[in-house]
Amino acid sequence: MVSMEGRPLNFVNILRLKKKPTSGIRYLCTAILNLKSLKETLANVFTLKTLFRTAFILSLLGVFAFILDFGYEQSSKLQTFLNAYYLFILFVGIAVTLVRYFTQSKKLSTQVILFDAASILVILYIIGIHFFGAEAHKHLNFLYSDSWVRAAILLTFIREFAEQRVNYKKSHLNPAQLFIASFVGIVLLGTFLLMLPKATYDGISFLDALFTSTSAVCVTGLIVVDTGTFFTPLGQNIIVFLIQLGGLGILTFASYFSYFFKGMSTFENQVVLSDMNNSQKISEVFSTLKRILIITFSIEAVGGILIFLSLKAENFQDFTDRFFFSVFHSISAFCNAGFSTLSNGIYDINFRYNYFLQLTLIGLFVFGGLGFPIVINILKYLKYKIVNPIKYWDRGTLSKPWVLSLSSRITLITTTALSLLGTAVFYANEYHNTLAEHNGFGKFVTALFGATTPRTAGFNTLDMNQLHFSTLMMIFLLMWVGASPASTGGGIKTSTFAIATLNFLSLAKGKERIEVYRREIADISVRRAFAIISLSLVVIGFAVIAIAAFDPDKTLLSIAFECFSAYSTVGLSLGITSSLSAGSKGVLIIVMFIGRVSMLTILIAIFRKMKYKAYRYPSEEILIN
Numbered sequence: 001m002v003s004m005e006g007r008p009l010n011f012v013n014i015l016r017l018k019k020k021p022t023s024g025i026r027y028l029c030t031a032i033l034n035l036k037s038l039k040e041t042l043a044n045v046f047t048l049k050t051l052f053r054t055a056f057i058l059s060l061l062g063v064f065a066f067i068l069d070f071g072y073e074q075s076s077k078l079q080t081f082l083n084a085y086y087l088f089i090l091f092v093g094i095a096v097t098l099v100r101y102f103t104q105s106k107k108l109s110t111q112v113i114l115f116d117a118a119s120i121l122v123i124l125y126i127i128g129i130h131f132f133g134a135e136a137h138k139h140l141n142f143l144y145s146d147s148w149v150r151a152a153i154l155l156t157f158i159r160e161f162a163e164q165r166v167n168y169k170k171s172h173l174n175p176a177q178l179f180i181a182s183f184v185g186i187v188l189l190g191t192f193l194l195m196l197p198k199a200t201y202d203g204i205s206f207l208d209a210l211f212t213s214t215s216a217v218c219v220t221g222l223i224v225v226d227t228g229t230f231f232t233p234l235g236q237n238i239i240v241f242l243i244q245l246g247g248l249g250i251l252t253f254a255s256y257f258s259y260f261f262k263g264m265s266t267f268e269n270q271v272v273l274s275d276m277n278n279s280q281k282i283s284e285v286f287s288t289l290k291r292i293l294i295i296t297f298s299i300e301a302v303g304g305i306l307i308f309l310s311l312k313a314e315n316f317q318d319f320t321d322r323f324f325f326s327v328f329h330s331i332s333a334f335c336n337a338g339f340s341t342l343s344n345g346i347y348d349i350n351f352r353y354n355y356f357l358q359l360t361l362i363g364l365f366v367f368g369g370l371g372f373p374i375v376i377n378i379l380k381y382l383k384y385k386i387v388n389p390i391k392y393w394d395r396g397t398l399s400k401p402w403v404l405s406l407s408s409r410i411t412l413i414t415t416t417a418l419s420l421l422g423t424a425v426f427y428a429n430e431y432h433n434t435l436a437e438h439n440g441f442g443k444f445v446t447a448l449f450g451a452t453t454p455r456t457a458g459f460n461t462l463d464m465n466q467l468h469f470s471t472l473m474m475i476f477l478l479m480w481v482g483a484s485p486a487s488t489g490g491g492i493k494t495s496t497f498a499i500a501t502l503n504f505l506s507l508a509k510g511k512e513r514i515e516v517y518r519r520e521i522a523d524i525s526v527r528r529a530f531a532i533i534s535l536s537l538v539v540i541g542f543a544v545i546a547i548a549a550f551d552p553d554k555t556l557l558s559i560a561f562e563c564f565s566a567y568s569t570v571g572l573s574l575g576i577t578s579s580l581s582a583g584s585k586g587v588l589i590i591v592m593f594i595g596r597v598s599m600l601t602i603l604i605a606i607f608r609k610m611k612y613k614a615y616r617y618p619s620e621e622i623l624i625n
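Here the numbering used here is used: the sequence shown runs in plain steps of one and ends on residue 625.
No lab work stands behind these hints, which were simulated from the structure alone. It should be emphasised that the depicted structure is a prediction, and the values quoted were computed from it without experimental measurement. All C-beta atoms in this analysis are idealised placements derived from N, C-alpha and C, irrespective of residue type, glycine included. Please note: incorrect hints may appear among the correct ones.
[Unchecked claim] Label-pair ranges, simulated between beta-carbon atoms:
| id | residue 1 | residue 2 | range |
| --- | --- | --- | --- |
| 1 | S579 | M473 | 20 to 28 angstroms |
| 2 | F542 | A500 | 17 to 25 angstroms |
| 3 | A500 | L188 | 29 to 37 angstroms |
| 4 | P618 | G575 | 52 to 60 angstroms |
| 5 | E314 | V538 | 48 to 56 angstroms |
| 6 | F356 | I294 | 40 to 48 angstroms |
| 7 | Y384 | A500 | 25 to 33 angstroms |
| 8 | F323 | I294 | 49 to 57 angstroms |
| 9 | A549 | A84 | 49 to 57 angstroms |
| 10 | T232 | T601 | 28 to 36 angstroms |
[Stated by the list, open to error] No farther apart than 27 angstroms at their CA atoms in a straight line, the calculated lysine-lysine pairs in the DSSO-like style are these:
| id | residue 1 | residue 2 |
| --- | --- | --- |
| 11 | K443 | K290 |
| 12 | K290 | K198 |
| 13 | K312 | K443 |
| 14 | K290 | K383 |
Required output: the full structure, derived from the provided sequences and hints.
Right, here's the structure in full:
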C-alpha cells in the first residue's frame with residue numbers, strides 16, 4: 001500500500017504525512033490495523049518457536065534431573081520436587097506434541113503418528129500409575145517404578161531433540177572433526193556418569209572413570225577395576241549404554257531420529273553422514289542408517305535370546321540377573337567390546353565349558369566385526385540368490401550380475417583365512433597345554449574362540465598367561481589386523497591387510513597394478529592402506545616406549561601385548577592393566593581413542609585440504625630395495 005504522494009506506507013512515512021486531519025486519521029487507522037496484523041503474525045510465530053524451544057530445554061533439564069536422581073541419594077523433599085518436575089515435563093511434552101499436530105501444515109508420516117500416539121498413551125498410563133496410585137492398576141503394577149518415569153522423560157527428550165534443526169555444515173567442522181568430537185563428548189559424558197555415587201560401591205577416581213569410559217566407548221574392554229564387583233547395577237547399565245553408543249556412534253542415533261520425525265534432511269547433512277557411514281549414494285544415507293539400526297538390534301536380540309537359553313538358572317540369583325547377563329554380553333559381543341560382568345570373564349568355572357554360549361558369542365562378534373556395509377551387501381546377495389536364482393547351466397543367455405561387491409569378497413576371504421589359520425595354530429600349539437581340560441568338541445570350540453576373539457572381541461575362555469609364546473605371537477598378528485572396515489572393531493582392518501598382501505604379490509609377479517576378481521584396486525585405496533599400516537606401527541611403538549618409561553618393572557612382552565590390544569580395541573591383557581601407573585593409564589587412554597577413531601582420521605581433521613590439485617610434478621623413482 002502506498003500514500004497519496006507515492007511513498008511506501010510504513011510507520012515512519014505515516015508520521016511524516018502533512019494532510020488534513022480526516023485523511024491523516026484514515027491513514028493512521030490503516031497503519032494501526034496493518035501493524036496489529038503484523039504483530040499478531042509475529043506473536044504467533046514467536047509463541048510457537050518459544051513453546052517448542054522451551055519444551056526442549058525442559059526435557060533436557062529433565063534428563064539431567066533423572067541422572068542426578070539416579071546417581072545421588074535424595075532427601076524426601078528433593079525427591080518430591082523432582083517427581084513434581086517429572087510430572088510437569090511429561091504433561092508439557094504431551095501438550096507440545098498435540099500443538100505440533102494442530103499447527104504444522106506438513107503432513108506427518110504414518111509411522112510418526114503411530115509412534116506419538118503410542119508414546120502418549122504409555123506416558124499417560126505411567127503417570128496414572130506412578131503419581132495417582134497403583135491400586136487401580138494392579139494388573140499392570142510392574143509399571144509402578146521410578147525407572148519407567150525416567151524412561152518416559154528420556155522418550156520426551158528424544159522426541160523434542162528430534163525436532164531441533166541440526167546443521168552439521170554450520171558447525172564449521174569437517175566430517176573427521178565432527179566424528180572425533182562426538183566420541184570425545186561420549187567419553188566425557190560416560191566419565192561423569194561413572195563417577196556418580198550410585199554407579200560404584202566404593203567410589204572411583206577420575207582417571208579410572210575416564211579409562212573405563214574410554215574403554216567402553218572405544219569398545220576395547222581393557223579394565224582397571226572389576227566390572228562385575230566394582231560397579232553397581234546402575235554402573236553396569238551405564239557401561240553397556242556407552243558400549244552401544246560407541247559401537248554405533250552417537251551421530252547415527254541422532255541423525256536417524258531427526259530424520260524419522262521430520263522425514264527430511266538438508267543436503268549438507270546427507271553429504272557429511274555419507275562420509276561417516278560409507279554410503280555409496282547420498283540418497284541412501286538414511287536408508288543405510290535405518291538398516292544399520294535394524295541389523296544391530298535384531299542380531300543383538302537374537303544373540304541375547306540364545307545366550308539366555310544357554311545359561312543354567314542355578315548360576316544366577318533370579319530371572320532379572322540372568323536376563324541382564326544375556327543382554328549385557330550380547331551387546332558387548334556384537335560391539336566387540338569384550339566387557340563381562342564375570343570377574344574371570346568367560347573363563348569362569350561355571351561358563352568355560354558352556355560351548356553353546358561360546359559359539360553364540362563367536363557368531364555375535366564375527367557379525368559385528370564384518371562391518372555394516374559388508375553385512376548389508378551380504379544380505380542383498382542372499383536375497384538375490386533366493387529371489388533370482390542363477391542358472392549356471394545356461395551361461396550363454398544369462399549373465400551373473402555383480403551383486404557381491406569387491407570389498408565384501410576381500411573381507412570375507414580374509415576373515416575366513418585368518419580365522420582358519422588362527423584356529424589351526426591355536427589347536428596345534430595348545431592341544432596339550434591350555435586345551436587339555438576340554439574334550440574333543442570342546443577343544444575345537446575353545447580353539448576357534450581363541451582364534452576369533454583377538455580380532456577385537458576381547459573375551460577370554462583361557463588363562464592368557466598360560467599360553468605358549470608362539471600362540472601369543474599369533475594373537476599379536478590377529479590383534480593387529482583386527483576387524484573389517486566400518487565395523488564395531490578396530491585394528492588396521494582386514495581389507496588393509498589384504499591390500500598389502502596383494503600388493504607384494506603383484507610386485508613379485510612384475511605387475512604395475514593390483515588386480516583381483518577382474519577388478520583393479522584403486523590407487524587411493526593402496527595409499528590409504530599403507531598409511532594406516534605405518535601410522536599404526538608408529539603409534540604402537542611410541543606407546544610401548546612411553547609405558548616402558550612409566551613402568552620399567554613390567555616386561556616388554558606384557559607391555560607390547562597391552563599396547564597392541566589397546567590400539568586394536570581388543571581388550572585382551574596379560575594381567576598388568578590394573579597395576580599400571582597413572583602415566584601408563586593415560587597413554588593407554590590415548591591409544592584406545594586413536595585406535596577407535598583411526599590416526600588417519602585425526603590427521604585429516606588436523607590438516608587442511610589442498611585447494612589446488614590440478615598439477616603434476618615430474619615423477620622419479622626412489623631407491624627402495
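Structure-based check of each hint:
no.	hint	in the structure
1	S579 <-> M473: 20 to 28 angstroms	24 angstroms, holds
2	F542 <-> A500: 17 to 25 angstroms	22 angstroms, holds
3	A500 <-> L188: 29 to 37 angstroms	36 angstroms, holds
4	P618 <-> G575: 52 to 60 angstroms	56 angstroms, holds
5	E314 <-> V538: 48 to 56 angstroms	51 angstroms, holds
6	F356 <-> I294: 40 to 48 angstroms	26 angstroms, violated
7	Y384 <-> A500: 25 to 33 angstroms	31 angstroms, holds
8	F323 <-> I294: 49 to 57 angstroms	22 angstroms, violated
9	A549 <-> A84: 49 to 57 angstroms	56 angstroms, holds
10	T232 <-> T601: 28 to 36 angstroms	35 angstroms, holds
11	K443 <-> K290	39 angstroms, violated
12	K290 <-> K198	35 angstroms, violated
13	K312 <-> K443	21 angstroms, holds
14	K290 <-> K383	18 angstroms, holds
When the structure is compared with the earlier hints, violations turn up for hints 6, 8, 11, 12 and for no others.
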